[in-house]
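K.L.:
Letter by letter, the chains look like this.
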Amino acid sequence: MTDSTSPMTDSTMPSEADFHYSVQDAETLLARFTKAANWQERYRQIMLLGKDLPSLSPELRVEAAQVKGCESDAWIYHLEQAGKHYYLADSDARIVKGLIGLLLGACHGKSRAEIQAFDPAAYFKQLGLEGQLSPSRTNGLNSLAKAMLEATR
Amino acid sequence: MTQAASPTPNTVTHTATNTMADIETSHASANAVPDTTVTLCSSEAEKQNAQIRSQFPALHQMLDDYPLCYLDTAATSQKPQMVLDAMAQFYANDNANVHRAAHQLSARSTLSYEKVRDQLQQFLKAERREEIIFSHGTTESINLVAFGLTTHVSAGDVILIDAAAHHANIVPWQELAKRTGAVIKPIPLDQACRLDVSAYKTLLELKPKIVALCHVSNALGTVNPVAQLVQLAKAQGAITLVDGAQAVAHLTLDVTEIGCDFYVFSGHKMYGPTGIGVLYGRFDLLDTLAPLLTGGEMIKRVSFEATEFGSLPNRLEAGTPPIAEVIGLGAAITFLQAELTPQVQAYEAELVNYLQSQLRALGEVHLYGAFDDNIGVVAFNLADEHHQDVGILLDQQGVAVRCGHHCAMPLMQSLNLKGCCRASIGIYTNKHDIDRFIAALVSVKDLLL
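Chain order of the listed sequences is R and X. For the first sequence, the positions run 291 to 443 when our numbering is used. For the second sequence, the positions run 18 to 466 when our numbering is used.
No incorrect hints appear here.
Below, computed lysine to any residue pairings styled on SDA-like, alpha-carbon distance capped at 20 angstroms:
1) 64(X) to 354(X)
2) 224(X) to 191(X)
3) 415(R) to 327(R)
4) 358(R) to 382(R)
5) 195(X) to 174(X)
6) 435(X) to 427(R)
7) 325(R) to 82(X)
8) 435(X) to 353(R)
9) 195(X) to 172(X)
10) 415(R) to 82(X)
11) 462(X) to 337(R)
12) 341(R) to 462(X)
13) 435(X) to 208(X)
14) 132(X) to 351(X)
15) 462(X) to 329(R)
16) 358(R) to 435(X)
17) 435(X) to 347(R)
18) 358(R) to 421(X)
19) 341(R) to 363(R)
20) 435(X) to 356(R)
21) 202(X) to 254(X)
22) 462(X) to 338(R)
23) 415(R) to 81(X)
24) 435(X) to 363(R)
25) 358(R) to 426(X)
26) 325(R) to 81(X)
27) 415(R) to 322(R)
28) 341(R) to 401(X)
29) 358(R) to 423(R)
30) 341(R) to 320(R)
31) 435(X) to 349(R)
32) 224(X) to 174(X)
33) 317(X) to 336(X)
34) 358(R) to 424(X)
Just so you know, these hints were derived from the structure itself, not from any lab.
Work out the full structure, taking the sequences as your base and the hints as a guide.
P.N.:
Pasting the structure below:
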C-alpha cells in the first residue's frame, strides 16, 4: 500500500473529485446481507456492490498502489480531507472488488477515530463472510483492511 | 503407463455404451450437468475405486452444507490410512535417530529407514540403492543438483529449461547461472502447449551443459516424451534432470528406461507425507555432486584441519533426516505398488478425459493444453472471468481446486494469462467428483455470466 498522501507525480494520482462518491454505509450493508438466504445470494450481493464502485483507469492500476497478498490484482488510493478519509480502490476480480465495497461501507468518508474503531473481523462475521477474512486466504481482504486502517495513521 | 504417441489436441474419444447410466442416476444433484454420451469404465473399475477411496479418511468430510470434492491433488494428495498408521507406529514404537547409537531402537529405526531406500530403488528401477537420496521435497532435490553441479559449469555454458517448468525447476538453475556465468535458455512450447521438439533440437546444437525438463507439467498436465528428449540431450553431452513431481503418483516409472542423470519428486504428491522428497541420480554423476548441506552423518572424519566427506548416499543427507516421513513414504510406495494397477491407471486416464469433455460440453470454458494423454490435471478458465472469482465460488460449494499461476509464471506469460483454474485428480477421484464439480461450475456460471 502506498500512502497516497505522500507526494507523487500528478499523473499517477486520481483527482480529488474522484474520491468523492457515496457508498452504502455499514448498517445498510448488514441489513442487506442478513437478508441473503444462501451463499449464492451473498455473493450476488457482493458482486453487485462491486459494480457500483468507481473503477480505476489503467494508468492508475500501477504497482506502487498495489496491495500485496492478493491472488488477484488490487490497487488502493487514499485522501484525507477536513478530517475525513476517502478511498479509491479497485480489483481485476469481481468478488474482491465487492469485498472492497464492504470495507468502504465501514471506512469511506469516516474520521480517523471511526476507522480506528472498526473491527473487520466482527464486521465480516456479521456479514456471514468470516471465512473470507482469514490471512490464509489469497483474496487479499486482510491486506486491504490493513491498508485502509494504516492510511489513517 | 509409458507415454508414446503424440495425440492431437481437442479430441477425446470414448466408447459410448450406456451400461453405467443406471448407476449414475443417484447423482441427481447435478441438476444442470450437460448431456453427455461419455460412459466411464466398468463397474469393476468403480468398485476398485470405491475400495481405494475408502482408505482416505480426509476425503470423507462436510464443508458447511457440502461434502468435500477434492480436486487439488496436484498441489498435494490426500494420504491413505496405511501412511498415517506407519508414521504413528514409528513414533509410538521405534522412534530413535538413524545411523547412530548402538541400541535396539536405533537399529530398528535405521533398518526401517534404509528399507525405504531399497523400496525406492525397486520402485524407480534404479541400478543401485546408493542412487536414492532423501531430501525434503522436489524443490530441495533440484537445489541439491543445481548447487552440486557448480564446479561442473563454466561461464558461457548453456542451461536449457523446459518453458512449462515449475519455478522449482527454474530458479535453482538461475542461481547456478549467477554463480558461474552460465546462460539460461528456455525450451519453447509449440502453439498447442507441448514442448516444441524441433526448437529443442535446434537449441541442443548449442551443446548445453544441462537440460532440465518436466515429466508432466504441473499447470497443464501435458506429458513430455522424456525418454526421447533425454536421449537427444545426451547425444549432445548434456547432463539431464527430469522433474517427476506430477508424474510419480500416476505413471509407472523406470529411470533406466528414461535414461536421465537425475529424477526428482516429492512424497506428498504421491500419497505420502509432506517434508520428504527423493533425488535419484546416476551413481557416477551423483558421486561428484558437492554437498549443499554439510554436517551430521554425511562425514567420514572431522578435524579442525580438514574434514572428509562420507560416501553415497549419506554424503548428500546431512543432519537428522525426516525419519518418520521416510517411513510414511515407504508406506505410500507399498500402497501405490498394490493399488496403481494398469486398470486403475486407465480409469484415471478416462477420468481426465471425462473432465475435459464435460468442461467442453459446458461451453464458454477455455481449456489449456488439453490433450487426451494428459496426466492428472485440467487447466481452464470460465469465459473471461477471473480465476480467483471462480475459485472462491467453487469453494463455497465444497469444491477444492487451485486458482493462480501454479508456480509457472513463464508458462502463464506464454499463454498470455494472469492465471487459471486447475482441477486435478488422484487415485481416489471418481466420476461423482467430476459431476459434482461440473454442477458447481454451472452454479458459478449462473452467478457470473
